[in-house]
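Peer 1: Protein chains in written order, with the working numbering: chain A, 1 to 192; chain B, 1001 to 1874; chain C, 2001 to 2256.
Certain hints may be false.
Straight-line alpha carbon distances no greater than 27 Å define the calculated DSSO-like cross-link-like pairs of lysine-lysine that follow [what the hints assert, rightly or not]:
1) K1376(B) <-> K47(A)
2) K1642(B) <-> K105(A)
3) K1606(B) <-> K1645(B)
4) K47(A) <-> K1360(B)
5) K1601(B) <-> K1615(B)
6) K1659(B) <-> K1615(B)
7) K151(A) <-> K1655(B)
8) K110(A) <-> K1050(B)
9) K105(A) <-> K1050(B)
Ranges of calculated distance between the beta carbons of each label pair, as one might list FRET restraints [what the hints assert, rightly or not]:
10) D180(A) <-> N1062(B): 34 to 40 Å
11) Y152(A) <-> T2068(C): 44 to 50 Å
12) P108(A) <-> V1046(B): 22 to 28 Å
13) G1257(B) <-> E125(A): 38 to 44 Å
14) S1775(B) <-> S2059(C): 53 to 59 Å
Listing some non-contacts, in silico: residues in chain C with all C-beta distances to chain A over 10 Å [as the list claims (entries may be wrong)]:
15) A2008
16) A2108
17) T2175
18) V2182
19) L2189
20) F2225
21) I2233
Hints are computed from structural coordinates only; laboratory data are not their basis. The beta-carbon is built from N, C-alpha and C at its ideal position, and this holds for glycine as well.
Letter by letter, the chains look like this.
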Amino acid sequence: MSVGFYLDQSRCTGCRACQVVCKDKNRLEVGTLYREAHSYTVGEFPKVQGFSYTFSCNHCEDPVCLKNCPTGAIYKAADGTVIQDQSKCIGCRMCVMSCPYGQPKYFPEKGVSGKCDGCYGLRQEGSQPACVAGCPNRALDFGDMDELRAKYGSNLDNGSIVVLPSPEETHPNVLIKAKDCAFSQEARELTW
Amino acid sequence: MNSNNISRRGFLGASAVVMAGVAGLTATGCSAESSLEAVDKHELPVDPAKGGEWISAACWHNCGGRCMNKVMVKDGAVVRQKTDDTHEDSIEYPQQRGCVRGKTQQQQCFGADRILHPLKRKGWQPGGGEKSNGQMRGKDEWEVISWDEAIKLASEEIKRISDEYGPTGFYCKANNTTLNVLSGYVRGWDTTSHGTYTLDVTKMGLPTTDCGTGDADTANDRFDLENAEYIIMWSSNPAWSAAGTPINYWMAARDKGTKFVSIDPLYNASAQMLDAEWVPVRTGTDMALMFAIAYEMLRLDEEKGGIIDWDFIHKYTVGFDSESMPEDKTIDENLKDYILGKYDGTPKTPEWAEPICGVKPEQVTELAQIMAKSNKVMILHNYGMARCNGAEMLPQLLIALGAMGGHMGKSGHATASAYHANAGNGGARLISAGAAKMPKTTNPVTTGVRQPQMYEIIKNGGGHTQDVSNAYGSFHEPNPTELGPIKCIYHMTDAVLQTSLNQKEGIEAHRAVDFVLTLAQFMTTNARYSDIILPVTTEWERCGGFGDYNNREYLPFYTRVTQPLGEAKTDQEIGELLIAGVGKDPKLAYGKTEDQQLYEKIAGCKVMGDDGKMKTLVTLTADDIKGLNAEGAPQEGIITLKELKENGGYQFPRKRNDKHGHIGYQKFVDDPEANPLKSKSGKLEIYCQARYDLMASFGFPGIEQYKPYPTYIVPCTGYESTFKDGKIGGEKGEYPFLMFNPHYLRRSHTVFDNCPWLREAWANPVFLARSDAESLGIKDGDTVLLSSPYGKGLRNAAVMDVLMPGMVGVPHGAWVDVDEETGIDMAGSDNYLIGSEYSGMGVSGYNNQICNVEKYTGAPLGRDCDKPARWSAN
Amino acid sequence: MGLESLFAFTLLGGMAAGAYVFETCFARKRSGNRPWLLPLVVVALFAIGMIAASTHVQSIPRAMGSLTSGTVNFASGMVREVAVSGVFFVLALIDMIIAFVKKDSPFALRVVTAVVAVACMVLMGTAYTDVFGNPVWTNAPATVLSFVAGDLAMGLGLCAALGVAKLSEKPVAYTMVAVDVVLAIGLALEVAAFSAVGISPVMQVVGLVVAPVASAVLTLLASKFANKQTLAIVVCAALVIGVAVARYAFYATCAL
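Please take these sequences and the hints and turn them into a complete structure.
Peer 2: Take a look at the structure:
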């Protein structure tokens, strides 16, 4: 079984609500983000288009963080969520270095790394992941990949928009209702 | 935030190259499947909030939202917050989800930079004159004093100033119950939020500030957006200015096929998300564009017909053409003939407008065709363009454009505002909060001073003022007044030193008085330039309340999250102490506990019934009332108090085609005789004598340029001022850029600027157009020096393709941080760069000031989120 | 840089493993006053490397704990590297002790240890090739060739400097040149990999010149040098410095 995120780029404005609610849920200080939203534009004034993307752990089918973690602290739950058991982390940072999406983060003061756990604990109590529930634009969803595909259709991108590394490395479980401009090599970050 | 692993990696464009042969070595071994065994050896994550209690918390800011916000506090620490999950989410009955700022609310209430004890500026002594050592305000050190001492010092100083100077010896921008009793005060007024729309647009037939309520709401209800073929978003960015639920209504319309046009110097977040067609327009030049669109509509209508709804114009408006002039006109001029150039020989063609507003003639023609009567068009405007020098007559011109296409009073059409919590959702309130009956207090002073001029008067020890208003949006015949010295400045609930123009002079004014008393939660701009700071609680530390001024369907209710932190007290507690301190009776202002007031507010909540009448919302038993620490009679409603608390308020369930829809102007359009507007003629006055006469009576400089109907005015400061001799197309002057202040998602005006997660999420750069940045040698992220005739500031550059060249965006609301040695503001305060110049009818030009931009040769600014907080509780 | 500990480990440990391999190749029987010298140097270098590597880990008790709780992950390149390194170290230590006591040790033991040493050098390289977050590291040919050939080259240089193999002898010389060629190819591939992601390859070029190029040239011209010992030391130094420079830059591409 696999779970992952769905993002509708036609609803995302890059407002960072998901980013901040994730910091709240995971009690992260300034400097560490498990989810970060960015905006991009394609084209030159005045013919411009814009898209946003919110980067997070993709609970990959073949997670390289899990493969490279020496102590086995990173594991897959039965539903496919890729979870790190921080109590077993030895701070070697292999996960941090391995992830092509730059997802696991290192906490030098604690000597351990950490990552998104798909709000596994919240979901056991019947809630959605904090970012999904907290998005005012309803751009995010999370769940079983087959169910997401059934709900949102088959014409979804699987992580090959221009701001992401090739999905062929770790087979991320992400479904994106992508804007056309999100595939343009000319995309530039909008740093407002 | 660079989260990539590679140290100078740009884009994650290329995938990793793994040669087939050697790849075999790395692909061996266990797959993820086999590590399922590991699950047994790990404890699965749990919800940290399990077993705790969620409290509906206040989210009470002037943000355009007021959404549901819940917090869980365990053992004195915030576990986390959440937003609305009280019911299934649907577009008909949407969850009232909060925005990025609401999620940071905990860093406000529980912030490490809260001021928790009364503070006194070390260099200040009561008694006035040199004792106050005013020059040190903003640079001095602070000492903690007791409440007793703080009240004693403040009261004695207030009494002294009262005795010597009377009530006009004090100034406070906003109306305040405590101060009405304490001493009285001179008020400030400004056109602030609604710009020219505060200048009594009821005289032309619009509701106050074009934000009507109930039947007077000129915007249609949200389900009707889906019926528009085009929505023209004029100076409008609901994704940032009404963050939370409203933008979903625009998306619902988009999903049904509505097309969007965005007229804005910036291709803003809402426009990008909706894939709107962008009409880049120079800030402050919207009227030139409007004239040109009207010209094109006239021309196209003449040439092929079918564009202008002449019946609508003649039936519902006055002043558009000579056929439909108002009776009280004093000059025989109308808008149509002005546009055609009959009076000044200059037809307001797209070619005439282009050098001013920058819009290409083809796009003007396209807009004219879109706005034709045959299309279902909604023109939804916000107020950025109204907050510009020279925008005085914009409301009359915009309504004329809408009327030309007949875009009012019918489904799928509108010419209205999309403002704040009511953005995209017009109509009668379906739920309202009660009010506590409180003593009526009156300010003994009726004088109001135009806010940017206030600082001059304070610095000059008094002076002449044309008193034309002492309340927001409300004007009267001028009352020329000589004011004596103002010796004390109060900051109670306002943020005026940060949010008012002419900030540099404002700081000097603060340094000129004897005493500055501020209630604050943080070392805000107001607090920084004060003498005594009294720590006030946030709404999380109070017994509870309602987030009123909300969208028509939802009333947030919040309860106490925590007891007051430190020694913070509520506004009322502080007010009572001050009033008692000067020997007056606090009951004159209050006289009821806050618990009692809350009970009265709960008891008075009303909800729309099936019969179209409002009825009682909350059932209150005797036990409930006792539990609220109040006295009152039990009552029957439709929900229990427990439900009100748990659901964080009440949301009226809506459905498409329920009987709670609304079409703006419908009654007027259906029967203008029976339902006249509030103007003299009962119609929409494009030529409005009454509005003009009142404003002209103020005698402000430059009024002689204006007429009772819209004409093009060169603003006192604006695009023309960027040229050396004030002539467009000539040589650029010393300040060649036009500056505007977009509302920014880090803040709600000034609130939240100090919250670390928001400082990290939203960097607060200066917005620069790419071609401008390139010609100035500025790269994205470079530190840039902004200078205006009034001040200087530093910001890092965000170089973008979505900003019109020549424009500079300085996000609104950052707390000024002046380097006392250089005089340069390090925080990018918008108002530090703006002065007090005005003309015409008194519109404050926040959004069309001039500035220069250059690469800064000093030390790079660094990120705001890396800077230490400006105050620590230690 | 944050990865200095790993740099020290692979540099010193790799050099030690390479030296062990070549001693096994070129010194069928250990002879001389100090037959235990090279094994001692190998063990010492490897020990220092392992201690350095251990500082990369923030909690040794937890690392041990993963063994006892059974969650240790043998699919991880790092675990494989550590496991084989451990085996090599133990065998090299046994070899050193026997050599100390008995002046020589069974060739079979030395061969087995040398094979483990080869595996160790290879695994040191492959520990990086699936760190997908770093497209320089994941260039497997560049990484593995540079690591293995670099370790072998440094190891052979160390053998020469310690007098265990003589550069003036044709088999040794040809081996040195061959290893240099492979190393040069590996470093050239690294130059391409760095450039492909917009990072300056200058350090790899320096490494390429100082290590394989210089050592190959000096080796081929060995007959021209009277003091063979000095030549050996110079070649060893060039190899170690050159490989160190390139490998430091390799680690520096990771923003930790």
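Peer 1: A separate judgement is required for each hint: does it hold in the structure or not?
Peer 2: The hints, checked one at a time:
1. K1376(B) <-> K47(A): holds (26 Å)
2. K1642(B) <-> K105(A): violated (42 Å)
3. K1606(B) <-> K1645(B): holds (16 Å)
4. K47(A) <-> K1360(B): Holds, because 13 Å separates the two Cα atoms, which is no more than 27 Å.
5. K1601(B) <-> K1615(B): holds (14 Å)
6. K1659(B) <-> K1615(B): holds (16 Å)
7. K151(A) <-> K1655(B): holds (23 Å)
8. K110(A) <-> K1050(B): holds (25 Å)
9. K105(A) <-> K1050(B): The hint holds at about 26 Å.
10. D180(A) <-> N1062(B): 34 to 40 Å: Since the Cβ atoms of D180(A) and N1062(B) sit about 37 Å apart, the hinted range of 34 to 40 Å holds.
11. Y152(A) <-> T2068(C): 44 to 50 Å: holds (45 Å)
12. P108(A) <-> V1046(B): 22 to 28 Å: holds (26 Å)
13. G1257(B) <-> E125(A): 38 to 44 Å: About 40 Å separates the Cβ atoms of G1257(B) and E125(A), which means 38 to 44 Å holds.
14. S1775(B) <-> S2059(C): 53 to 59 Å: holds (54 Å)
15. A2008: holds (15 Å)
16. A2108: holds (32 Å)
17. T2175: Per Cβ check, T2175(C) is outside 10 Å of chain A; nearest 34 Å; holds.
18. V2182: holds (26 Å)
19. L2189: holds (20 Å)
20. F2225: holds (43 Å)
21. I2233: Holds, since 36 Å exceeds 10 Å.
In the structure shown, a violation is registered for the earlier hint numbered 2 alone.
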